[in-house]
Each structure stands twice: as C-alpha cells, then as structure tokens.
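Line by line, the protein sequences are chains A, B and C. Counting from 1, position 203 in the first sequence corresponds to residue 203 in my numbering; the numbering is continuous, with no gaps. Add 1000 to a position in the second sequence, counting from 1, and you land on the number used in my numbering. Add 2000 to a position in the third sequence, counting from 1, and you land on the number used in my numbering.
Derived from the structure by calculation, the hints contain no laboratory data. C-beta: ideal position from N, C-alpha, C; glycine also. Please note that a few of the clues may not be correct.
[Stated by the list, open to error] Label pairs and their computed distance ranges (CB to CB):
(1) B:T1307 x C:A2025: 50 to 60 Å
(2) C:I2210 x A:K122: 35 to 45 Å
(3) C:K2122 x A:G335: 27 to 37 Å
(4) A:P308 x B:A1218: 49 to 59 Å
(5) A:L36 x C:Y2302: 38 to 48 Å
(6) B:T1160 x C:W2015: 42 to 52 Å
(7) C:R2192 x A:A18: 41 to 51 Å
[Stated by the list, open to error] Derived EDC-like pairs (lysine to aspartate or glutamate); straight-line CA-CA distance at most 20 Å:
(8) B:K1122 x A:E193
(9) A:K237 x A:D32
(10) A:K122 x C:E2193
[What the hints assert, rightly or not] Not everything, but these chain C residues come out facing chain A in the computed CB check (under 8 Å):
(11) A2146
(12) L2175
(13) I2177
(14) G2181
(15) F2186
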Amino acid sequence: MNRLLSEIRHNPMLWLLAFVPVVFAASMLSPDAHTLLFLLSVLAIVPLATLLSHATESVAAKTGDAAGGLLNATLGNLTELVIALAALRAGEYMLVKASIAGAIVTNTLFMLGASFLLGGLKHHVQEYNRVSARFQAGLLFLATVALLIPSAVGTADSATATAFTAKLSLGLAVLLIVAYGLGLLFSLGTHRELFASAEHGEAGEAPWPIGLALATLAGVTVLVALVSEIFVESVQKAAETFGMTAAFVGFIVVALVGGAAEMASAFSGARKNRLDLSVGIALGSASQIALFVAPVLVLLSYVIGPTPMDLQLWPGAVVMVLIATLTATLVTNSGRSTWFVGALALMVYIIFAMTLYMLPPRVQ
Amino acid sequence: MNRLLSEIRHNPMLWLLAFVPVVFAASMLSPDAHTLLFLLSVLAIVPLATLLSHATESVAAKTGDAAGGLLNATLGNLTELVIALAALRAGEYMLVKASIAGAIVTNTLFMLGASFLLGGLKHHVQEYNRVSARFQAGLLFLATVALLIPSAVGTADSATATAFTAKLSLGLAVLLIVAYGLGLLFSLGTHRELFASAEHGEAGEAPWPIGLALATLAGVTVLVALVSEIFVESVQKAAETFGMTAAFVGFIVVALVGGAAEMASAFSGARKNRLDLSVGIALGSASQIALFVAPVLVLLSYVIGPTPMDLQLWPGAVVMVLIATLTATLVTNSGRSTWFVGALALMVYIIFAMTLYMLPPRVQ
Amino acid sequence: MNRLLSEIRHNPMLWLLAFVPVVFAASMLSPDAHTLLFLLSVLAIVPLATLLSHATESVAAKTGDAAGGLLNATLGNLTELVIALAALRAGEYMLVKASIAGAIVTNTLFMLGASFLLGGLKHHVQEYNRVSARFQAGLLFLATVALLIPSAVGTADSATATAFTAKLSLGLAVLLIVAYGLGLLFSLGTHRELFASAEHGEAGEAPWPIGLALATLAGVTVLVALVSEIFVESVQKAAETFGMTAAFVGFIVVALVGGAAEMASAFSGARKNRLDLSVGIALGSASQIALFVAPVLVLLSYVIGPTPMDLQLWPGAVVMVLIATLTATLVTNSGRSTWFVGALALMVYIIFAMTLYMLPPRVQ
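Chain A extracted, bound-state conformation:
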C-alpha cells in the first residue's frame, strides 16, 4: 500500500486520481450536467488507465514471458474494452464501432507518428526492429481485410443482406481471434528470437509485488468500469455542446482518452531512443484492438447487447482504417525513422480529425 502511495506521489499524472471520487459525487448530485460529467470522467479515466497499465506490467513481469505476454496482451487494452462494453450494454453500436476504428487509427497514426516525431526531434535518425513492426502491420492488414470485405461485397440493404452480414461477422470474429492466438504463438513461442530487441523490460521500472498488482488490477478495473459508464452517458451530449460531431467524439476523443496511458509510455520510450518499445506499444495495441477487442465485442453482443452487433463499419471508417494500415506499413518498412516520418503520419491523422470535425451531421 505504501508502495502504491509513493508511486502516486512521484507521478504527477496520478494526482488526477483525485477526480475519481469527484466524478462519482458529481454524477449523483447533478446527473444532467453532461458537459461537466464528460470533463470530469476524462480526467478520472486517464490516471486509472495509467495505474491499470502499471499493474498489468507488474503481473506480466512475475508470470514469465509467455504467460506474461499473453496477460499483457489481453489486459493491455482493458480501458478500451471496458469503455466499449459500457457502450455495448447501452446499445450504442455506432459509438462502439467508431471507438474501435478510432483506436486502430489513433494508435497507428497518432501514437506512432508522435513517437517518431518526439524521438526524432531529440535523435537524428532512430533504428528499430522492423521484423516486429512488419509482424504487427501484417496482423493489422488481416483485420483490415476482415473489416473491408463485408462492406465491399454486400451492398443491398435488404433483410437478407443484414442476416448475411451478421453471420459473416460471427465467422470473421472467430477467425480474427484464431489469428490473434496464432500471432501470440509465433511471437512469444516458435519465433520469439526474431522479436528480441523489442523485449528489453518495459519502462525499466521495478515491478510491484504481485499481491499489490493483482489487488490494483481488480480494484481499478471496477473503478474504470464505473467511470466509463458515466463517460459513455455524457459524451454524446457534451459533444453537442462543444459543437463536435458524434463521429469525431467516437473516433478521436474516446480513442485519445482510452489510450492516454499507453501514449505516455510510448512517447517516453521514443525520447529515450527505445523506439522498439514505442513501435511495439503503438502497433501492438492497434492489432490487439482489431484482432481481439473488436471480435470479443461482437461475440459478447450476443450475450449482453440488445441485438447482435456486426463488424461492418461505415465506408468512411473503412477507408480510414485502410489508409492507417497502409501508412503503418509504408512508414515502418525501412526500420529507420526521422522526425519527418512522424510528421507525415501525424498529418494523415490531422486530415482524418479535420474531416470528422467538419462533417455535417446528416452526411455521417
């Protein structure tokens, strides 16, 4: 417990934890102050996500590489998963899908681009393990194909087409989870030596004791779930107040909030010239969401959602995911990076954000 307190004292971001009780109090006192609740829940989720990622890493460090990698991989996007589950239970499928696509795009373009830019401003040319980047880009490419094909093939809007999309989405969800499992087997099992340089101890901090880590994991997950509920309820209304489109909120705001903790690690890795860490977090997180979180949400929608959710995105989102994957592939192809490469990826992200921000409501 002392350990946890000292961690909080030394990490300014964790001071934001003070907002956790505040958001609960506010949501009970004035449940209709959507804009306030939105801001408070964002401020509360960010430090909780940071704690969650620390706890996950500590547990992973204890259980050995293979099991730890699996744990890290499955728990790494817990925040995104919990936010999406809250939206799923509320039947807000548009928000779920936008946040999935947004997380993929934000991780591959914003997190990767800003890492390259921040690293490149300090170091002239940086090198990293391109085998690992290619592997993640390959997984992302597969997921993009799975997201693209239902839209490309099924066009008619009849009941038959809906049934087809639902059945196909179920099949694709299972296939993506299998691909994700095979990817873990490959990168942590049969060919782990190819991924060597990407493995030098995340963030270099001493891990927490296992008991503390597990307790934090359990407690913080519950807190994130509760705050996410408030976030999902308030975000749409708050967006209207700020004049943001729903697409912009789902794609950009939710993705940035959900990924805040990972971004902190990725950027700090890039500044320390440990670009393998940054590339691993950015692309690994994106492929996790595409191949694990998204299909799991489709499967869970049969259990907890009002109706089954399919994998079909709106055409604009498919194009953005496709461009993000292509950009990641082109950008990581050489295994070297400079500030300009990062700036290019960020520019693509800004084009997307600008488009979504200006999008008139009816065109979405």
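Here the structure of chain A is known, so what remains is to put chains B and C in place on it, guided by the hints.
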C-alpha cells in the same frame, strides 16, 4: 509407353485416371445426375492435370531455356484455359470471369500461403529470390489495374457504357498480352541472370522422351477438354445441391480443381526447402492467368462466344483480386518466410471463401 | 543577350520560339481557328517552358542551396501553375482539376517510367538514392490521402455537403502547404545529407549570369501566361475536332505540354546514368504539384475565381492518382531499376490514357 505406365504405378494421384472412363460412361448413362457427374469430373481432372504438367515440363526441358520457358508458360495453365473455354462456348461469362479471378486469388493466397505454411512447419526460416517474386507481383499489379480501371471509371449502365467497356476490354487485352511478352523477354532474355536461383530444374525428375511427351500432351489435352465440358455443365447444378453459391463455385471450387497439379508441385517444393520453385509456380501461374489466359479468352470470345466478353468483374471480385495482389506484394517483400506468413495469407483466403460461401444469392 | 542567343542557336528545341509571335498573330487574325491556335500554342509553350526551367536553375545556382532549392521548388512548375491560373480565371474548374491530377499521374508514371525505360535500354541495371524516392513518395501519399478523403467521406449531394467540401478543402490546402514546407525543411535543412547523391549539379551546364536569368524569368513568364490563355481557350474546341474527350485533354495533353521541358531533362539524365536526377525531377515535380500548386490554386480561387474551388476530384481521377502513387512507391522501393520496371510504369499510364480516350462523354 512403359515409361508412362511406370510413372502411373509410382504416383498414387495418377491412379485417379481410372475415373476418366467412368465419368464418360456416367455422362452417357445418366446425363442428369449432376452431383455425381460433378464429383466424377473433379476426380478425373486432377490426374489429367498432373499428367499435363509433367508432359509440358518434359517438352520444355528438351527445347532449351528460352523456348522451353515460353512453352511452359503458355501451356502451364492449360487446364484452366480448357475449363474456361468450355464455359466460354456455353456463354457462361459469369463463370469464366469468376474462375479467372478465383484462379488469381487462389494461386496468390492459397497456393503461396499453404507453401509458406507447409515449408515453415518443417524449416524455421526459409529464404527465396525476392527479385523474381517482385517481378511476378509487378505483373500482377499491372493486371489488377487493368481489371480495376473499367469498373472505377465507367459507372453509368447505359448502352454507351457497355460499348465503352467492350472496346476498352479489347484494348486492355492486347496491352496485357504485350506486357506478358515483354515479361518473358525480360525474365528469359535480357535479365535472366537476376532470376537465377529460381531455375534449378523443376521437381528434379528425369524428363520423358520427347515423343512420349508430345503424344501425352496432345491426348491428355483432348481428354481434359471433354471432361471439362461435363464439369462445366454439372458444376452449377451440383453447387445448388450442396447449398453453395455460384460465386463460391466459380471462385473457389473451379480454381482449386484447375490448380490441383500445380499445387502438388508447389507444396512438395516448399517441404524440400526449394521455396523459389513454390513462389515461381504460385505467382507465375497467377500472373499467367491474369496477363495471358484472361486476355486470350476476351479475344477468343469474339470468335467462339455468343457475344464478346469484356474484362469487367463485379466490384467484390475486383476488391478480392486487389487485396490478393497487395498481400502477395507485402508477403514477398522481404524474401524470407516463416509458417506465420503462410498462415496470414491463408487467413485472407479463408475470409474470401467464407464471404463467398455465405453470400445470399441476390447480393452477388 | 548574346548568351541567350547562343543558347537558342545550340538548342534545336528553342528554335520553336519562332512560334511565339506566330501564335499571337494567328489569335488576332482568326480567333475562331481553334485547332490551329491549339497546335500553335503547344508549339510555343514547349520552348518557353525550356527557357523558364533554364532560367530558374540559373537563379537557384546563384542563391545557394537552401534558398535556391526553395526557389527551384516553387518556380519549377511555373508553366503548370500559369496554365492552371488561366483556366482558373476562366472558371474552368474541371480543366484545372483534371490538369492537376493529370500532372501528378503523368509525372509519376510517364516521366518516371520513360526515364527508367530509356536509361535501362542503355544501362543493364541502374541504381539511385532510394531515401530520396521514398521521401517524395511519402509526400505524394499524404497528398493522395487529402484528395481521397473528401470523396470517401462526403457522399450526399446536398448543399450541406458542398459547404462541408469547400471548408474541408480550405483546411486541407493549408495543411498540404505546411507539409510541403516541412518537407523542404527536412530535405534541404535538418537531414540534407540523406539526399546527397541527388544533388550533383543539375544538367551540368554553366549557369547564366543572374541579370540575364532574372530578366528571362520575368519576360518568359509573361509570354507563357499570354500563350496559356490562348491554349486554354482553344484546347476544348480543338479536342472535339480531334475526337478527344475533355478528360483526355485535361489529363494527358495539358500534362504532357506543361511538363515537356522537365521531361527533356529527366530523360537526358537517365541516358547519362544519372537516375537520381530523373527520379528527383519526376517525383519532385509530382509532389510539388500535389502539395504546393494544387493548394495554392484552391486558395487563389477565393481571390481570382468566380466561386471558391474545392479539392474534390471525380472518383475515376482519385483512383488514378492513388494507383500512380502506389506504383511510384512499389517501383522505387528497391532503389534499382531496369528497362522492364520502366515499361511496367508506362503500361499503367497507357491503361489510363486508353481509358480516358475511349470514355464516352456522358460517363465522365
């Protein structure tokens, strides 16, 4: 003749030749047993295709590299060509186009992917000549552009648009054949040394005497033509019985049957760590179909078809060919392969097969 | 002045300058002879463009690398800019957009492809600096995304959508100019050493005295502007006479005329085995048009055009720009070239030209 018999005795796949007389007998006795005829014709085509590819290789080995390469290239996809011709004469243009697109997709994703997977399960990391893979991928890219452009540009469905598509297809067909010829000139002529490692004697078997090879070539081609006629007549009806969509049959079933012999060679090459052979067969076969078989069918449709056939595919097929070409380009970019790379390519193929299998009839 | 005359005497292309007074005379004597005026204006623009590029290089050589590079970059596509301005003032936005897209496509496919082909016919395998090619391809990729996104996202044709496209185009125009500026900072500033081999003295000719260069620059720009006016007025009518579609004229004819001078330099560089020069001119020119000329035209349309112009292209043009960028990326990926690589790029260009030439008027 003894040579041919001993070959048949030692190759279990050739025992299937017994089905050739059976399918002819069945088609005369009960011409309406479509499912039976479909199964029998598949069982008969596979060994005939194997014989055909052996005979072609033997002739090619005799005539020297340049002429032999040309012969091998033009005769290598004889089975696909003969099946497509049978469909062309019957005016089944949808089936012809589906089988062309399906053969491209099946060769680049299934044949290449399964070769990488089977080879990778035995060998940790395999290397191959990436110049050759890039060359084939470049040809495929050109063909994909030619298939994509008529759909991307001409949208209106008027009579003018049809005339435009027909005229454009004729021009594109001639251009693709010219590109194919230039490719042969490059890879067998001016820059043959770049393709070196891909040339170490196909399958390592002693070639047949030239007389036997030529006689086999002639006789088996006639047999394949006759069996293909039965296959094309029965396949659509049989598909309905099995609950398969026409798109699935054309894309997947016909392509797997037509490529059976080449797949056997490609997989055996991969197991023997001769991946240049596998990549050459898979991508070479795909680019042959795209740049030679498809345009020749367009030209022949003016002679033997009921109306001229154009090169325009349905949008879903264009997307699949495009994704297959992109996958081949990405996957062969490094010149190294592992089991996981093969698994990724196969997964993309499974996504396509799953989508086509589930496709409701009216959405095609 | 003697210098200029001696230059004209030794360069046969400059003899075409005789057509400059002829075209002015003809336009006054018979302003309705569109076909004649079109031919004469083409013959007059080509030598003027050659003079303009010589003068620009001479000024650039005097002002030192950084400022000179900037000058060269901003003035290099002066002909294209002046032609587009004439069309912009006439409110011919379709022609402006077609000529932008056409210049990108023509530079990346025709100029690059023909350079590789002509160089490859003389030299077996040529090598060049792939860092520079990748940098230009990255800029082109960003511009392609900017051209693609408005079409991909905004579909409804309402007044809202038009306002959205106009606002978005303005934002994208500013972003592209910023990206272009960052690209200059990167390639001429912070990381100029990466672009080393691309810098060995353009064309190897002794530069003109600065006074002559500046005077030529000013005088020739005025002449190009005047001739362009005649060209833009006559080109559409002349096209009908020759049976060419408006799309073909804008995409192919205008682009070839506008880029004639640069093509001469690129091809001569390739024959002299200085492929860095050719790749730099071809891709550099394409990215300049995409990231500088096009956005500047959008901004200028608010000042000199009848209504604001947006960045949205017709879908077929977007596909062509996308394919051209992809081709440039794939083709320059290895840093080596042979005649066949050039032939492939040219074939893609021929597919586009053929499609646009055959396009029935109503489908455009």
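Results of checking the hints against the structure:
Between T1307 (chain B) and A2025 (chain C) the Cβ separation comes to about 54 Å, which falls inside the hinted range of 50 to 60 Å. Between I2210 (chain C) and K122 (chain A) the C-beta distance comes to about 40 Å, which sits within the given range of 35 to 45 Å. With their beta carbons about 34 Å apart, K2122 (chain C) and G335 (chain A) fall inside the hinted range of 27 to 37 Å. Between P308 (chain A) and A1218 (chain B), the C-beta spacing of about 57 Å keeps the proposed range 49 to 59 Å intact.
Range check, L36 (chain A) to Y2302 (chain C): Cβ separation about 40 Å, and the 38 to 48 Å hint holds. A C-beta distance of roughly 44 Å is found between T1160 (chain B) and W2015 (chain C), which places it inside the suggested range of 42 to 52 Å. About 49 Å separates the C-beta atoms of R2192 (chain C) and A18 (chain A), a value consistent with the hinted range of 41 to 51 Å. Of the supplied pair hints, the one linking K1122 (chain B) and E193 (chain A) holds, its CA atoms being roughly 17 Å apart against a limit of 20 Å.
Between the alpha carbons of K237 (chain A) and D32 (chain A) the distance comes to roughly 10 Å, so the proposed pair stays at or under 20 Å and holds. Distance restraint check for K122 (chain A) and E2193 (chain C): the Cα-Cα separation of roughly 17 Å lies within the 20 Å cut-off, and the hinted pair is therefore satisfied. The beta carbon of A2146 (chain C) is positioned within 8 Å of a beta carbon in chain A (closest approach about 6 Å), and the interface hint is therefore held. Annotation: L2175 (chain C) was flagged as interfacial toward chain A, and the flag holds, the nearest CB pair being 6 Å apart, inside 8 Å.
Interface hint at I2177 (chain C): violated, since its Cβ lies 11 Å from the closest Cβ of chain A, which is beyond the 8 Å cut-off. Annotation: interface hint on G2181 (chain C) violated; nearest CB of chain A at approximately 11 Å, more than 8 Å. The interface hint given for F2186 (chain C) is met, as the beta carbon of that residue sits about 4 Å from the closest beta carbon of chain A, less than 8 Å.
Against the hints set out earlier in the document, violations occur for numbers 13 and 14.
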